[in-house]
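Q: What follows is each chain in one-letter form.
2 protein chains.
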Amino acid sequence: MLALTILGSNSAIPAYGRNPTAQVLQTNDTAYLIDCGEGTQQQMTLYKIKRSKINHIFISHLHGDHYFGLPGLLNSLGLLGRTADLHLFAPAPLDKIIQLQLDAANSELPYKLYFHPLSEEGPIANDNKISVECFRVQHRIDCWGFIFREKRKPRSINPERAKAYEIPAAYYPELQKGKDYTTKKGTIIPNEEVTNAAPPSKSYAFCADTIYDESIIPKVKNVDLLYHETTYLKDLHERAAARYHSTTHQAAEIAKKAGVKNLLIGHFSSKYEKLDDFLTEAREVFENTELALEGSCIII
Amino acid sequence: MLALTILGSNSAIPAYGRNPTAQVLQTNDTAYLIDCGEGTQQQMTLYKIKRSKINHIFISHLHGDHYFGLPGLLNSLGLLGRTADLHLFAPAPLDKIIQLQLDAANSELPYKLYFHPLSEEGPIANDNKISVECFRVQHRIDCWGFIFREKRKPRSINPERAKAYEIPAAYYPELQKGKDYTTKKGTIIPNEEVTNAAPPSKSYAFCADTIYDESIIPKVKNVDLLYHETTYLKDLHERAAARYHSTTHQAAEIAKKAGVKNLLIGHFSSKYEKLDDFLTEAREVFENTELALEGSCIII
Chain L
62 MLALTILGSN SAIPAYGRNP TAQVLQTNDT AYLIDCGEGT QQQMTLYKIK RSKINHIFIS
122 HLHGDHYFGL PGLLNSLGLL GRTADLHLFA PAPLDKIIQL QLDAANSELP YKLYFHPLSE
182 EGPIANDNKI SVECFRVQHR IDCWGFIFRE KRKPRSINPE RAKAYEIPAA YYPELQKGKD
242 YTTKKGTIIP NEEVTNAAPP SKSYAFCADT IYDESIIPKV KNVDLLYHET TYLKDLHERA
302 AARYHSTTHQ AAEIAKKAGV KNLLIGHFSS KYEKLDDFLT EAREVFENTE LALEGSCIII
Chain F
62 MLALTILGSN SAIPAYGRNP TAQVLQTNDT AYLIDCGEGT QQQMTLYKIK RSKINHIFIS
122 HLHGDHYFGL PGLLNSLGLL GRTADLHLFA PAPLDKIIQL QLDAANSELP YKLYFHPLSE
182 EGPIANDNKI SVECFRVQHR IDCWGFIFRE KRKPRSINPE RAKAYEIPAA YYPELQKGKD
242 YTTKKGTIIP NEEVTNAAPP SKSYAFCADT IYDESIIPKV KNVDLLYHET TYLKDLHERA
302 AARYHSTTHQ AAEIAKKAGV KNLLIGHFSS KYEKLDDFLT EAREVFENTE LALEGSCIII
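If you're matching them up, the sequences are chains L and F in order. To convert, count from 1 in the first sequence and add 61; that's the numbering used here. To convert, count from 1 in the second sequence and add 61; that's the numbering used here.
By construction, these hints were calculated from the structure, which means they are not laboratory data. Heads up, some of the hints might be wrong.
Repeated chains share a single entry, so a pair holds when one copy, or any two copies, can fit it.
To be verified - Below are the EDC-like pairs computed for lysine to aspartate or glutamate, each with C-alpha atoms no more than 20 angstroms apart in a straight line:
hint	residue 1	residue 2
1	K109	E334
2	K111	E334
3	K212	D285
4	K238	E254
5	K280	E194
All chains, full assembly: derive it from the sequences and hints.
A: As structure tokens, then:
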């Protein structure tokens, strides 16, 4: 299971109490921060995100509304006594910006910050539960999306049935991988007889800021949840294209064509006070759509 | 009259809903932003600060809790259509940090940002109502305080008495400056006979982050309001000194020795949830003390 908490989903200027982009994707024991707009650390306090769980931070691009909260967060983690390594995945120029800010404050982080510049599509991070890939999206500057996939979980053993077939416990790890068992007499016990399938692995794709771009479709194919920006309502498709952003209908088209299970929309322009029309319009094209509202926790 | 709005008064880490340092000092038609911790633009929205009134920004030093909100504010001012010049007074390294961030976003501000590096004590800014001086304070890095003084206002003319003495209207500007009038017959009309003194000019001194330092006293002598940091309660004077911060008693001592009218204390450590003891302790030494609480507007 994955749980996604929205800390901010407004574009550019904070407005109507809405903060710039930041999301936290959590498993039982780790948390992945995706983008870090100004005020993210305050939002973490408000929404009870445990900062010590975060070992990986992903920054999609270097427009301020996606990373101006990062320097403050990095500082605060140090002041709170962090010593564990932290991995930061972001466009290359961020490294120098952070270093200049540390130099200006005559300070050093008390933990090791590993900076991983984004340069090629493909796998970038990996732990025992999740793998993360990045992919390019089309925006005004170098910009990246991220896909988080739970790793395939082991099949669960039915101990009574395994005992009935007298399968030795030492072989259980092989059963969990899906292998059949062959008895001493040469009889094959099919794996399905003694194990149950694991719950399906879940996946989440974060598409960052992007113009309508069908090359995204194969990359996010069939994910359980797709976050796609909708800076504007459908009538402003020309403005959206000019600014390398998307509309409600465009986000929903991508979701539909990629066959995803659910769509989450956000990055709302500060010109809109009410967001109801975003939901209505997106659902005209793709029914399983929700708004990325601050504080909401979406179970994937 | 001056009005000071507190947008943030916490030290280092935002805590208990308290934000890092930012204050806005307003006259009728202009506003001066003093420090700009993360979240300042959101606080401006919350406390109804009109951003277009701000033409001068003063940054005391380059610890993040005093300027990490600035890049976002500068960006937002541009997105909101600002074209008027903006003057930024800050330690020199901030110029390069801002430039790198603009370069990374491939963006330019649509208004002219004049960067004034702080290098010498003395007058730094000046308009028809206010003059601003900066002075050095002792902190872990290059750090500055600021004094804002209303300019001396012209005396107000008592028109009935001026007419009774047959003083020509063309001479009124001289009367406002305090000059006496000499009639054609050579009689001297003392200025006080035909004018009233202007209300006294007010002054505000912001001392930034500082260790207890008596060299501040002559610089802030007799101001109407002194802001002095109190990161810690009095029992932690050793920790305060080690970190180049001050305690309640130390701030109050400075206020008392400088003969200021009122003292405002802030920059509270995030280790304190309740602030009552700060007020109690400071008032043991200097009665006219108030807490710099977010959202409060202090009339000077």
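Q: Now tell me, hint by hint, if it's right for this structure.
A: To see whether the hints hold, each was checked on the structure:
Taking the closest pair of Cα atoms, K109 and E334 come within 20 angstroms of each other only across two copies (17 angstroms); inside a single copy the shortest separation is 26 angstroms, beyond that limit. Only between protomers do K111 and E334 lie at most 20 angstroms apart by alpha-carbon distance; the minimum there is 19 angstroms, versus 30 angstroms within a single protomer. Taking CA atoms no more than 20 angstroms apart as the test, K212 paired with D285 passes inside one copy only; the shortest distance there is 14 angstroms, against 65 angstroms between copies. In this assembly of identical chains, K238 and E254 lie within 20 angstroms of each other by CA distance solely inside one copy; the values are 14 angstroms within and 103 angstroms between copies.
Within a single copy, K280 and E194 get their C-alpha atoms as close as 10 angstroms, which meets the 20 angstroms cut-off; across copies the closest is 58 angstroms, which misses it.
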